[in-house]
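Visitor: Here is what each chain is made of, one letter per residue.
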Amino acid sequence: MEDVAKELLSRLVRRIPLVRLRHVLGRWERLSKTQLLSLDFTQPKWALCENLLSLCEENEIAVKDLTEIEMLYRSEYPDQGVWHVFQLVDTSEESLSSDFMHFRDQFKANLKDLINHVSIKMKKLEDESVWIRIAWGGNFSRPNHLKPTYVVHHLQTPYVFVSSLANKHKPLLFQALALSAHCGSVKDVNLSGRCLTALRDLSMRQYKQVFPSRHQKRLEERDLLPNPSIENEHIKLAEYKQQVASEVFGDGVLPKLETAVYKLETKYREHGSENLARRDEPFRGVVKFSSSNLLESLKYCVSSGMASTPVTPLLSSITHKGRNYFVIKDKQHGSVPNTSASKF
Amino acid sequence: MACSPPPATPRSGRAPGGGKSYAGRSRRSLGVELTNIGITPGQLTGLRAPTSRGFPKSRNITEHVDPEQIALLVKNEWKLSYVTPLYQFRHVQLKSYSKQLSAFIVSEKQQGIAVEIGLETNFKVVFSVVLGLAETEDDAETVFIQIHSKPPFAGDGDVPKIIWSGWLTCVGGNPDYLRSLPSGFVCLPLFCASGSESLTSLVKLWFERTFDCSFGTLNLNSTYLQWLASMWTGCHHVSSIRYLKLVWNLPAQPPLDISYTVHPQDAWDLWNSVREQDSTGDTIGINEVERFMKGLESHFFRHFRIYLSAGMLTKVSTAFGSAHCDGKIKVCTLLQPGIFNIS
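So the sequence lines, in the order shown, correspond to chains A and B.
Just add 720 to wherever you are in the first sequence, counting from 1, and you've got the numbering used here.
Just add 40 to wherever you are in the second sequence, counting from 1, and you've got the numbering used here.
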């Protein structure tokens, strides 16, 4: 076996938890049943790795077979690393092809036209998503299988999810995508996170939304309470907050986002600091919200009163626009709006 | 210049286990960062919150302290504790303490009380004195402790690794209090530790048994962090703070962290605008600190309509260093002499 293959295998064994590794190896279909049974998953990882290496040498496994383990692992457990969402723009209905074979051949040919040393692996999963693994090489170097880029694309949708993409490879990937999907260009939608399904749901608006309703829910009679009218007011207020929180952030299980970042370039306008308010320059800063489930946390802030209602468009834009990176500037008259900036 | 005299001792003499009363003084003893972070006599615990603080006296620490020793103090993040005065501690016996503590650690590890048995077999403890940190004659010299260890399978040529370090210090302690201690007691009220929790607790245990003292946790409350944010920002025109970062934690479900990183020049401009007209350059009032924080919070509120006051300020950091509410501090740079001479 080549050194690259050995390095890749030991890295995979080290990185993948044992339970998942067993599952993935079972799906891999390169080891016979007896070989699989001979592996002891209670061993320390280094010993397991040795045994696996000798089995792979026996079966003459090559690098491209090993990359399949990685691809199986990434597609079975997609919530690893940070995914960035991009959008194919200037597409027409018919141009979004649903033919995987056609897309695959086009993409491979287009990317290989742009860069000589590149290794591309593509497959289509049952949920119609296309997974692309790209190992990039340089002008004089072979593709680096240890730092691959992953791209997930649902055919017939304009969204592309990308993980571990170096800046220098960005133009190459985007050009190949644009050519093979017959679109004008690829645009950053400023949405990123670890949970792939959440990003898909947010960008395609597939989570459970609540629409504004003017109908107040009928309040239950509460005769037993000492002062029903005060209690009623409290309940009304609490219900109103709940309703607003659900309208803005959705209902049920919310898509899992970890962060939202706002670059503030607005003027300082508070009272008592007239010197600061008079100057022309904005008050610069970066605000970052983070939580294990950001939308749940924000929704809780609104419903519990830690955030005042109505909810500012800055926060509601996360779900309404499907993005979590914003540049906030003051409205300016007569200037061309910056595409990445939200006016406030 | 320090504007207020050091706080009066709440009680004279040694009060065994009178933990909190020492905590106030120990903050004064943060040593190196005293010069950097801008700590002056006052209270940490909020028992007697100061209403104004002065910028610390300008003191070129590099003239007094060996730069190599300073490097040891600035590179780590330290977990703070307070310590009651040590009984029968002698700076001349550090060599013997080194032997005793290493023997103690080995024996404790072998009892299986601590974790990681067998991982660190060869412990070597080194006590040393950091001369020059003490500000007055009453301050005891700072004691620095390092624990080196050789991994069990290391070759002969391998140098033992430093696996734990810590120091006990007293900088500018209240002279009335220090003089009131009965003879035989040495006051080194601030303990800073960096390394595994298990070793920290072993070192504490050894000190408690050997010198009849006790350790307690030292947290940094929101008010204290606000003072730091203001005082650091106030130094920006002398030495760049590069950024002012404040982190709040809101009790949402799940908990929400909000970090606000402000451009240094803009933070400084806001700070200038909240300073009182008649304030002299070298003292800061609590009103100014409150207005500064309110200014930042209301600018945040105007955008996000979230009440930061519903949560807790948990961390403050600039290029000078960082301080976390759970009692962890880090000092990143040593400022140039004269930094606090604002005229």
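Please note that the accuracy of each hint is not assured.
Pulled a few chain A residues facing chain B out of the computed Cβ check, cut under 8 Å [to be verified]:
1. Arg734
2. Pro737
3. Arg989
4. Phe1009
5. Ser1011
Only pairs whose alpha carbons sit at most 27 Å apart, straight line, appear in this in silico BS3-like list of lysine-lysine [stated by the list, open to error]:
6. A:Lys1051 to B:Lys334
7. A:Lys1049 to B:Lys285
8. B:Lys370 to A:Lys987
9. B:Lys355 to A:Lys1008
10. B:Lys370 to A:Lys1008
Taking CB as the label site, the calculated pair distances span [said to hold, decoys possible]:
11. A:Arg989 to B:Asp216: 27 to 37 Å
12. A:Val973 to B:Gln140: 54 to 64 Å
13. B:Tyr347 to A:Ser949: 54 to 64 Å
14. A:Asp723 to B:Val199: 43 to 53 Å
15. B:Lys164 to A:Lys753: 24 to 34 Å
16. A:Ala829 to B:Asp366: 48 to 58 Å
Simulated from the structure, these hints should not be mistaken for lab results.
Here a beta-carbon is modelled for each residue, glycine too, at the ideal position from N, C-alpha and C.
Visitor: Work down the list of hints and note, for each, if the structure agrees.
Guide: Against the structure, the hints come out as follows:
1. The beta carbon of Arg734 of chain A comes no nearer than 20 Å to any beta carbon in chain B, farther than 8 Å, and the hint placing it at the interface is violated.
2. Given the 8 Å rule on beta carbons, the hint for Pro737 of chain A is violated: about 23 Å separates it from the nearest Cβ of chain B.
3. For Arg989 of chain A, the suggested interface contact is upheld, since its CB lies about 7 Å from the closest CB of chain B, less than 8 Å.
4. The criterion of a C-beta within 8 Å of any C-beta in chain B is met by Phe1009 of chain A, whose closest approach is roughly 6 Å, and the hint holds.
5. Hint status for Ser1011 of chain A: holds, given a least beta-carbon distance of 5 Å to chain B, under 8 Å.
6. With a C-alpha separation of about 25 Å, the suggested pair Lys1051 of chain A and Lys334 of chain B falls inside the 27 Å cut-off, and the hint holds.
7. Proposed proximity of Lys1049 of chain A and Lys285 of chain B is supported: the alpha carbons are some 21 Å apart, at most 27 Å.
8. As the CA atoms of Lys370 of chain B and Lys987 of chain A are separated by approximately 33 Å, the hinted pair breaks the 27 Å bound.
9. With a CA separation close to 14 Å, the supplied pair Lys355 of chain B and Lys1008 of chain A stays within the 27 Å bound.
10. Between Lys370 of chain B and Lys1008 of chain A the alpha-carbon distance is near 22 Å, which keeps this suggested pair within the 27 Å criterion.
11. For the pair Arg989 of chain A and Asp216 of chain B, the supplied restraint of 27 to 37 Å is violated, since their beta-carbon distance comes to about 49 Å.
12. Here the CB-CB span from Val973 of chain A to Gln140 of chain B is close to 59 Å, well matched to the stated 54 to 64 Å.
13. Evaluation of the 54 to 64 Å hint for Tyr347 of chain B and Ser949 of chain A yields a failure: the beta carbon distance comes to about 27 Å.
14. Between Asp723 of chain A and Val199 of chain B the Cβ separation comes to about 31 Å, which falls outside the hinted range of 43 to 53 Å.
15. Between Lys164 of chain B and Lys753 of chain A the C-beta distance comes to about 54 Å, which lies outside the given range of 24 to 34 Å.
16. Taking 48 to 58 Å as the suggested C-beta distance range, the pair Ala829 of chain A and Asp366 of chain B conforms, at roughly 57 Å.
Of the hints listed earlier, those the structure fails to meet are numbers 1, 2, 8, 11, 13, 14, 15, in rising order.
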